[in-house]
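K.L.:
All chains should be modelled from the sequences, with the hints used to inform the complete structure.
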Amino acid sequence: MDNIRIAPAGDRALLVQFEQKISEEVNDRVHGLMDAVQKAGIAGVGEMIPSYAALLIFYDPEEINYPGLKGEIEGLLSMAEGKSEGGKRLLHIPCCYGSHFGPDLADMEKLTGLSREEIIKIHSGVDYRVYMLGFLPGFVYLGGMDERLKAPRLATPRVAIPKGSVAIGGSQTGVYPLQSPGGWRIIGSTPVEFFDPTREEPALCRAGDVIRFIPVTACDYYDIRQDMLRGRYDLKITEVFDGD
Amino acid sequence: MGIKVTAPGALTTVQDSGRTGLQQYGIPVCGAMDQRAFRAANLLCGNDESAAVLEMTLMGGTFTFTADHVVALTGADMKPRLNGEEIENYKAFAVHEGDTLELGMAVKGCRCYLAAAGGIDVPVVMGSRSTDLKSRTGGYQGRSLKAGDILEIGRTGTALPESSIKPQIPDFPRSARIRVIEGPQEYVFTAAGLETFYKSAYTLTDKCDRMGYRLSGQVIETRSGSDIISDGIVFGSIQVPSSGQPIILMADRQTTGGYAKIATVCSFDLPVLAQMRPGDTVTFEKIGVEEAQRIASVSGL
Numbered sequence: 001m002d003n004i005r006i007a008p009a010g011d012r013a014l015l016v017q018f019e020q021k022i023s024e025e026v027n028d029r030v031h032g033l034m035d036a037v038q039k040a041g042i043a044g045v046g047e048m049i050p051s052y053a054a055l056l057i058f059y060d061p062e063e064i065n066y067p068g069l070k071g072e073i074e075g076l077l078s079m080a081e082g083k084s085e086g087g088k089r090l091l092h093i094p095c096c097y098g099s100h101f102g103p104d105l106a107d108m109e110k111l112t113g114l115s116r117e118e119i120i121k122i123h124s125g126v127d128y129r130v131y132m133l134g135f136l137p138g139f140v141y142l143g144g145m146d147e148r149l150k151a152p153r154l155a156t157p158r159v160a161i162p163k164g165s166v167a168i169g170g171s172q173t174g175v176y177p178l179q180s181p182g183g184w185r186i187i188g189s190t191p192v193e194f195f196d197p198t199r200e201e202p203a204l205c206r207a208g209d210v211i212r213f214i215p216v217t218a219c220d221y222y223d224i225r226q227d228m229l230r231g232r233y234d235l236k237i238t239e240v241f242d243g244d
Numbered sequence: 001m002g003i004k005v006t007a008p009g010a011l012t013t014v015q016d017s018g019r020t021g022l023q024q025y026g027i028p029v030c031g032a033m034d035q036r037a038f039r040a041a042n043l044l045c046g047n048d049e050s051a052a053v054l055e056m057t058l059m060g061g062t063f064t065f066t067a068d069h070v071v072a073l074t075g076a077d078m079k080p081r082l083n084g085e086e087i088e089n090y091k092a093f094a095v096h097e098g099d100t101l102e103l104g105m106a107v108k109g110c111r112c113y114l115a116a117a118g119g120i121d122v123p124v125v126m127g128s129r130s131t132d133l134k135s136r137t138g139g140y141q142g143r144s145l146k147a148g149d150i151l152e153i154g155r156t157g158t159a160l161p162e163s164s165i166k167p168q169i170p171d172f173p174r175s176a177r178i179r180v181i182e183g184p185q186e187y188v189f190t191a192a193g194l195e196t197f198y199k200s201a202y203t204l205t206d207k208c209d210r211m212g213y214r215l216s217g218q219v220i221e222t223r224s225g226s227d228i229i230s231d232g233i234v235f236g237s238i239q240v241p242s243s244g245q246p247i248i249l250m251a252d253r254q255t256t257g258g259y260a261k262i263a264t265v266c267s268f269d270l271p272v273l274a275q276m277r278p279g280d281t282v283t284f285e286k287i288g289v290e291e292a293q294r295i296a297s298v299s300g301l
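Chains X and U, in that order, give the protein sequences. Heads up: the first sequence begins at 1 in the numbering used here, then just goes up one per residue. Heads up: the second sequence begins at 1 in the numbering used here, then just goes up one per residue.
It cannot be assumed that every hint is accurate.
Unchecked claim - Computed cross-link-like contacts, EDC-like style, restricted to lysine to aspartate or glutamate with a CA-CA straight-line distance of at most 16 Å:
#, chain 1, residue 1, chain 2, residue 2
1, X, K39, X, E24
2, U, K134, X, D196
3, X, K70, U, E290
4, U, K108, U, D280
5, X, K21, U, D280
6, U, K4, U, E88
7, U, K166, U, E88
Rather than coming from a laboratory, the hints here were simulated on the basis of the structure.
P.N.:
Encoded structure:
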């Protein structure tokens, strides 16, 4: 239980902080604890927000008070040498790179010294872990981008980045689930909805998932978009195991 | 059967107890800022305490009813008038088809709640009727109300509910002592920084909205900057960015944030804060989590 700190976040939530660094190992422990808390079915525990290296647990103090819940969590931490069981979901995300789908791809060639083909190959050649969701509904914080694609944010952020934009900001990459202001550089766009309030599960991804970008042509983009809007598009989801 | 907006006021939105259960997907809670006044408004007109209401901010609206309804107003005093006659806050009253309810500038408090028997009937989006202004979902077309909007009300009729509760009308202080629980990242601050936070007064700036309150006062010193690895935040988290000026996160907060949180406002003092306005001042008093939970268990409406 070294490096773990439990502290109140007000009178209705508790924060479990693991070693404060961004790593797959630490993030696995966050999800391991979240699974364990869910399975334990502790009365009074409500929703949880997992992040890179912490788990925020909401609870009803009328059912369990702070010392009571802290004790339960300590018990779970000592038992589960935190790793979530089983494989992880791998979501295959179609992405159309360049042209009006990715208006900053040309600038990215200058900034990185790579050709657009190389940028696409590198960006789509890595599997990204969803460390957490936040900022906007369905916005994924991804880890694992190749450092060669690192690029500074735009000096003047755009007023409106279109929904579905796949973009790079600093050493991070992500997908805009909604139209939003933003300073990341847009290299492509996905026809897949990362957030849809009418879906049973409104956010496409869950923290702990893995995503892979699959380059598609503009024609494919529009075909998938049509299917998506008609509810006929089945996103390819496979399973990956650690060490794969 | 409903309510027609003649003038919307400064910022009027549909809100309920909030959109919970989806924060792990980045979906914010939203909901009424002053949950105590919100619940009282519902109970006064015989609703379930979590029914959807209208939340008005600083300047109230003018509304015309399109049928007979039972209505209650709570929270900020916006000098309500029904067909020109003054009416009381914190008391259910009947309205008839064609009646006009007019609210003005808040003379006390900041947010006024209008509940109607049967609730304000807008579609349920992801389990809630609350408006999320940032992602333009929920509430009435995902936005604040405009003149000409017509909203449905769940039930018609003018029979006042039989056993009515007697909520306490708050005194809406312009300067308040807000009780907080220290942490979860108090270790980011120096001892002097923590002392500054607890001993000096902070003023609400004009950058105070449903998302958060930016305060101004003495700079809170950190050990080596206030950036942390982003983690989850709650209603009432007090984060201190590198400027050293605290920000209290309110109903429309994002689900996660990357600034250290020095303390968290106790749930029972959030309604006090929700009724304060730019220019008002607060001081922070530290209490223990167990004491806070004891106080919470006896603090009713």
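K.L.:
Now look at each hint and say whether the structure bears it out.
P.N.:
Hint check results:
1. For the hint linking X/K39 to X/E24, the alpha-carbon distance of about 22 Å lies beyond 16 Å, and the restraint is violated.
2. A threshold of 16 Å between alpha carbons decides the hint, and for U/K134 with X/D196 the separation of about 15 Å falls inside it, so the pair holds.
3. Distance check on the hinted pair: X/K70 and U/E290 sit about 12 Å apart at the alpha-carbon level, within 16 Å; holds.
4. Taking the CA atoms of U/K108 and U/D280, the gap is about 12 Å. The hint holds against a cut of 16 Å.
5. Between X/K21 and U/D280, the direct Cα distance comes to roughly 39 Å. Violation of the 16 Å bound is thereby established for this hinted pair.
6. With a C-alpha separation of about 21 Å, the suggested pair U/K4 and U/E88 falls outside the 16 Å cut-off, and the hint is violated.
7. A hinted pair counts as satisfied when its Cα atoms are at most 16 Å apart, and U/K166 with U/E88 qualifies at roughly 13 Å.
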